[in-house]
Structure formats: C-alpha cells, structure tokens
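The sequence shown runs 1 to 165 under this note's numbering.
By construction, these hints were calculated from the structure, which means they are not laboratory data.
Ideal Cβ placement from N, Cα and C applies to all residues, glycine included.
One should not assume that every hint holds.
Unchecked claim - Below, computed lysine-lysine pairings styled on DSBU-like, alpha-carbon distance capped at 35 Å:
| # | residue 1 | residue 2 |
| --- | --- | --- |
| 1 | 137 | 56 |
| 2 | 89 | 137 |
| 3 | 5 | 130 |
What the hints assert, rightly or not - Label-pair distances were calculated between CB atoms; the ranges are:
| # | residue 1 | residue 2 | range |
| --- | --- | --- | --- |
| 4 | 153 | 10 | 30 to 38 Å |
| 5 | 143 | 68 | 33 to 41 Å |
| 6 | 32 | 114 | 35 to 43 Å |
| 7 | 138 | 3 | 16 to 24 Å |
| 8 | 67 | 127 | 18 to 26 Å |
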Amino acid sequence: MITIKEASIADLNAIQGIAYKSWPDTYGAILSQEQIDFMLNLWYTSDVLIDNMTNKGHFFLLAFDGTVCLGFASYEHNYLNKNVTRLHKIYLLPEAQGKGAGKILIDTIENLAKENHSVAISLNVNKFNKAFTFYQKIGFKIVDEYDTEIGNGYLMEDYIMQKDL
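Given only the sequences and the hints, what does the whole structure look like? Please build it.
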C-alpha cells in the first residue's frame, strides 16, 4: 500500500537520492549526461532544496511502499500570486513507475490545492518527456510553451500544462 508523507529538511537525502536515480532514466534519451549533471547540480543541492522549503513556499511529499521511498513531488500554492497550485517536481524511482505512486502524489496535491481554494494546478514538462502523456491522461492540457536557457548553453523546451479544478 502506498502512503504519502510530508517531507522535511531531514528528508533531503531521500529527495536527492530519488532525483539522482530517476533523472538518467527520465532524461537519458533526450538530454546529454552533462546537461543532466548540470541540472541536478542546479536544483538538487542541499542549499537549493532547503531554500525551496524554507523561503520559497515549496512543500515536498514522499511516496512510500512500506518503508521504501518510491518518489517525491513538490508543489507551491498561490503560484505567481495567482490562485493556482504549481507542481514543481515529481519523480519516481524507475522501478516504481507505472504502479500508481505518481497518480497518488498528484491526487494528494490536487486535494491540497482544492483545500487552498486553487482553481488549477500547473506544471512544466519537457516536450520530449514520456510523462507528457501521463499528464494528458489525468486531465492536464497544454496551455503554452516555454523555452528558456538555463546556463552553460543548455535550453529547456517545455510545455506548460494545466488542470482546472
């Protein structure tokens, strides 16, 4: 049975471990290893995660099967001062994908968003990420595209997706 727990700073190692194990599987076919390493170092250092949790209003959830952490998600209410909850991150161990943990994490965030009176959940997804079809299947729709340079000459090519609540 999959259970969800709110993460704290004490859970940084679990979050980082999931990211470092899932990113090569998630992005290996669409990004170079150098870009994956650059992005992991940009977004998953302890300092960055602590700043997200303590200063930027990001909440992290962990998904467990018994005592095994399968994955995590992070979200923020009132994103860009709008009545929207933002799904910033969701990653599962490769062996945990397709077993319902991702859907349970998103359902949990959807319920929290409704409690916060959000009118929608938004997210960015790489245009070539296989998770794109998962998001469509659970009700997210493309509302825009967003391409941006993130440093070292690397470009993020994303769809902005939204699910109305």
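Against the structure, the hints:
Taken as a hint, the residue 137 and residue 56 pair is honoured in the structure, with Cα atoms around 30 Å apart against an allowance of 35 Å. Taking the CA atoms of residue 89 and residue 137, the gap is near 18 Å; set against the 35 Å cutoff, the hint holds. Taking the CA atoms of residue 5 and residue 130, the gap is about 26 Å. The hint holds against a cut of 35 Å. Look at residue 153 against residue 10: about 36 Å separates their beta carbons, and that is inside 30 to 38 Å.
In this structure the hint that residue 143 and residue 68 lie 33 to 41 Å apart at CB holds, the actual value being about 35 Å. Under the hint 35 to 43 Å, the C-beta atoms of residue 32 and residue 114, about 39 Å apart, fit the expected range. Distance hint check: the CB atoms of residue 138 and residue 3 are about 20 Å apart, consistent with the given range 16 to 24 Å. Distance hint check: the CB atoms of residue 67 and residue 127 are about 36 Å apart, inconsistent with the given range 18 to 26 Å.
Hint check: a violation occurs at hint 8 only; the rest are consistent with the structure.
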